[in-house]
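Residue numbers (this note's numbering), protein chains in the order written: chain A, 6 to 150; chain B, 7 to 485.
Calculated from the structure, these hints are not laboratory results.
The structure displayed is predicted, hence computed values, not measured ones.
It cannot be assumed that every hint is accurate.
To be verified - In the DSS-like style, the derived pairs of lysine-lysine whose C-alpha atoms are separated by at most 27 Å in a straight line are:
#, chain 1, residue 1, chain 2, residue 2
1, B, K291, A, K10
2, B, K145, A, K76
3, B, K89, A, K10
4, A, K29, B, K145
5, A, K29, A, K76
6, B, K291, A, K29
7, B, K168, A, K76
8, A, K10, B, K145
9, A, K10, B, K168
To be verified - Sample of chain A residues at the chain B side, in silico, Cβ under 7 Å:
#, residue
10, G38
11, E41
12, P90
No residue lacks a Cβ here, since even glycine has one placed at the ideal position from N, Cα and C.
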Amino acid sequence: MGKVKFTAAFSGGEGTLKITFEDKSSITFTADGSLEADLKDGSRTLMFSGTSPESPQGNIHLEISGQVAKKYIYNFPPGNITADPAIIFVTGNTAVKSNFTEAFFTAIDPQKSFFRKSKSKGAAGLAKGDKNEKKQSTGKNKKRK
Amino acid sequence: MRRVLVILAYLLGAVGPVFAQNSEQLIKKSIIEGENEKSMGRQQILTNYLQGVAKNLTSNEKEILLKANLFALDPMDSVSKYKSENYLKKSFQRNTQLLIGGGVDKNTKINSFTIGLSYNLLNKRDPSNVNVYQELLSKPDYDQLSRKLMAINFRVLEQYKKNKWNAIAQQLNKIAADAKGRNDVLNLKQDILDLLPSQLRDGVGDALPFQNSYKMFEDSVSHSLKNPGQPPKAGNVTLFAEFLMSEYFATPLASSLRSYLSEAQKEDGKPKNTSAAVSDSEFNKVIGQINDELAKNTTSGGGITVESAYQQVRKIYDDRIKSIQSRPLLTLGYNYKYTPDAISHQHIPVLDFLLGFGKNGRKNNELVISLSDTLGTDTISVNKSIGRNVTNLNIGINRILFKDKSLASLLELKFALEERLIWSGRLSSEKRDAFFASATLQGRPSSKSPWLKLVVKYNKDAKFLGFLDVTLNLDNKSK
Chain A
6 MGKVKFTAAF
16 SGGEGTLKIT
26 FEDKSSITFT
36 ADGSLEADLK
46 DGSRTLMFSG
56 TSPESPQGNI
66 HLEISGQVAK
76 KYIYNFPPGN
86 ITADPAIIFV
96 TGNTAVKSNF
106 TEAFFTAIDP
116 QKSFFRKSKS
126 KGAAGLAKGD
136 KNEKKQSTGK
146 NKKRK
Chain B
7 MRRVLVILAY
17 LLGAVGPVFA
27 QNSEQLIKKS
37 IIEGENEKSM
47 GRQQILTNYL
57 QGVAKNLTSN
67 EKEILLKANL
77 FALDPMDSVS
87 KYKSENYLKK
97 SFQRNTQLLI
107 GGGVDKNTKI
117 NSFTIGLSYN
127 LLNKRDPSNV
137 NVYQELLSKP
147 DYDQLSRKLM
157 AINFRVLEQY
167 KKNKWNAIAQ
177 QLNKIAADAK
187 GRNDVLNLKQ
197 DILDLLPSQL
207 RDGVGDALPF
217 QNSYKMFEDS
227 VSHSLKNPGQ
237 PPKAGNVTLF
247 AEFLMSEYFA
257 TPLASSLRSY
267 LSEAQKEDGK
277 PKNTSAAVSD
287 SEFNKVIGQI
297 NDELAKNTTS
307 GGGITVESAY
317 QQVRKIYDDR
327 IKSIQSRPLL
337 TLGYNYKYTP
347 DAISHQHIPV
357 LDFLLGFGKN
367 GRKNNELVIS
377 LSDTLGTDTI
387 SVNKSIGRNV
397 TNLNIGINRI
407 LFKDKSLASL
417 LELKFALEER
427 LIWSGRLSSE
437 KRDAFFASAT
447 LQGRPSSKSP
457 WLKLVVKYNK
467 DAKFLGFLDV
477 TLNLDNKSK
């Protein structure tokens, strides 16, 4: 598992950015803030949905950092966001991974290996709490009245 | 006409230093989409940013006005200013408009001064104040289609990743086997770089994420060469293959897919593969798979494509925005006008109301009601000062006749009835009440151009009267 930090910054009004993971769990930002999530090592697919503030200066800026291959940056101009895909690579503690002792040249079955990595439950499991939807509530990200 | 425009430019220049600190930056920052979509009726009542108006250009009583939103004049640096937290907090500024202006006589001499302030009492029609997504989720069509698209995109991308990962892992096995055959790892890195899309190879070998991941793989192969009895670690191969697949194939594909889906939502969009790292055939295959999945999951029969599905969700979104922008607007304003030659002071409270209506959620019609009362003294027509009290009530319907592809209004027609009542200070040549019917045609060649407004008024005594106004939205010009 790798600790991945999601940081969102909103400009130009009200907006929502929902990030859905492969296991259908999700986090939702409605204002500036950040959240750290434990994600399974390897290639992770995310889907963005929501709406970016509908004003001339509307934008949502999202940075994904932490135990990932690089800092991933996304910007969402004013408008609708529906099933917008992104793929990140979670490095996690790869040192542990390198200690596998399976035979290398003998009958390696990558597909089987791939399934072994993906099928385990909670690929995008959040540290604690609701797995289906977790409203982002850290820092300043509190819903305005 | 040219002189008037020169005066307008002068007025703008005079106000400029107030916010010169970052006006250029702010204007450049204005993406304008939201402003463009507003009707001119809305912009006349409350400007979103900064607006210059030259009124009655064909008459001897021209008027130059500059309207500025207080938020636009706030000298705060633009990044902090437009952060949502600050933007939403500054609701008062965003709903308050300052007006300054002057009258110009036929000799291009400024003969009166106007200053005013108006405030939006009903702040219901600004979509930037609304969590649109929450409203959309209550629309079953939007929610269901969004869920379906998400599930399909997940499935198709997972399938793509699995296939690509499989292919790369096998290629890595072969590269490692070749290295074992040569009994060295000298060409190992180059062999791996050759697997990557040619557009991404430059500098990849030196990038830290690649180096870290590659080193693990190289160590594993080196270890197996030095210790024939100990097999290399398959986990390193599978993880390295996953890294290469993810960073150099799947991530660019997802990025290109995002651009594609964004374009697909636009009426005039040209969705296409935008990543040089992803071949068109590979990209089209993914789009084809999404289309196949959509066809399988649509009960209404075939015909739905990724483009039409995204246009469908976009239309629901656009209709929602349109609906918000049609909500009522009520502003209360106060203007003061001073005319030195006539020693005239006028105090003009104004109440404006706007409400959109129409069919199919498009709501291209607006009910516009304006009530004003002019209280003042005047010595222009008689030698002694007289107190005047004149009320104007204007009720009209404004219809957007034509929009461009981005839904910006380009041509509008308004029919209105106006009643003028002179409660006191009536001159001998004036009647107590006067009734006018007016037609206003306003248009602009593009969303970046100034508005031209032609007003024709009819009164049974004065017959036809014509006026020409030019309205320049500075933020629009900046686009």
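Verification of the supplied hints:
1. Taken as a hint, the K291 (chain B) and K10 (chain A) pair is broken in the structure, with Cα atoms around 33 Å apart against an allowance of 27 Å.
2. At most 27 Å may separate the alpha-carbon atoms for a hinted pair to count; K145 (chain B) and K76 (chain A) exceed this at roughly 35 Å.
3. Restraint check: the Cα-Cα separation between K89 (chain B) and K10 (chain A) comes to about 21 Å, which is no more than 27 Å; the hinted pair holds.
4. The hinted pair formed by K29 (chain A) and K145 (chain B) meets the criterion: a straight-line CA distance of about 21 Å does not exceed 27 Å.
5. For a cut-off of 27 Å, the pair hint linking K29 (chain A) to K76 (chain A) stands: about 23 Å separates their Cα positions.
6. Note on K291 (chain B) and K29 (chain A): the hinted pairing holds, with a Cα-Cα distance of about 25 Å set against a maximum of 27 Å.
7. Distance restraint check for K168 (chain B) and K76 (chain A): the Cα-Cα separation of roughly 24 Å lies within the 27 Å cut-off, and the hinted pair is therefore satisfied.
8. A hinted pair counts as satisfied when its Cα atoms are at most 27 Å apart, and K10 (chain A) with K145 (chain B) does not qualify at roughly 32 Å.
9. For the suggested pair K10 (chain A) and K168 (chain B), the alpha carbons sit about 26 Å apart, so the restraint of at most 27 Å is met.
10. Interface hint at G38 (chain A): violated, since its Cβ lies 10 Å from the closest Cβ of chain B, which is beyond the 7 Å cut-off.
11. For E41 (chain A), the shortest C-beta to C-beta distance to chain B is roughly 20 Å, which exceeds 7 Å, and the interface hint is violated.
12. Hint status for P90 (chain A) relative to chain B: holds, with the closest Cβ pair at about 4 Å, below 7 Å.
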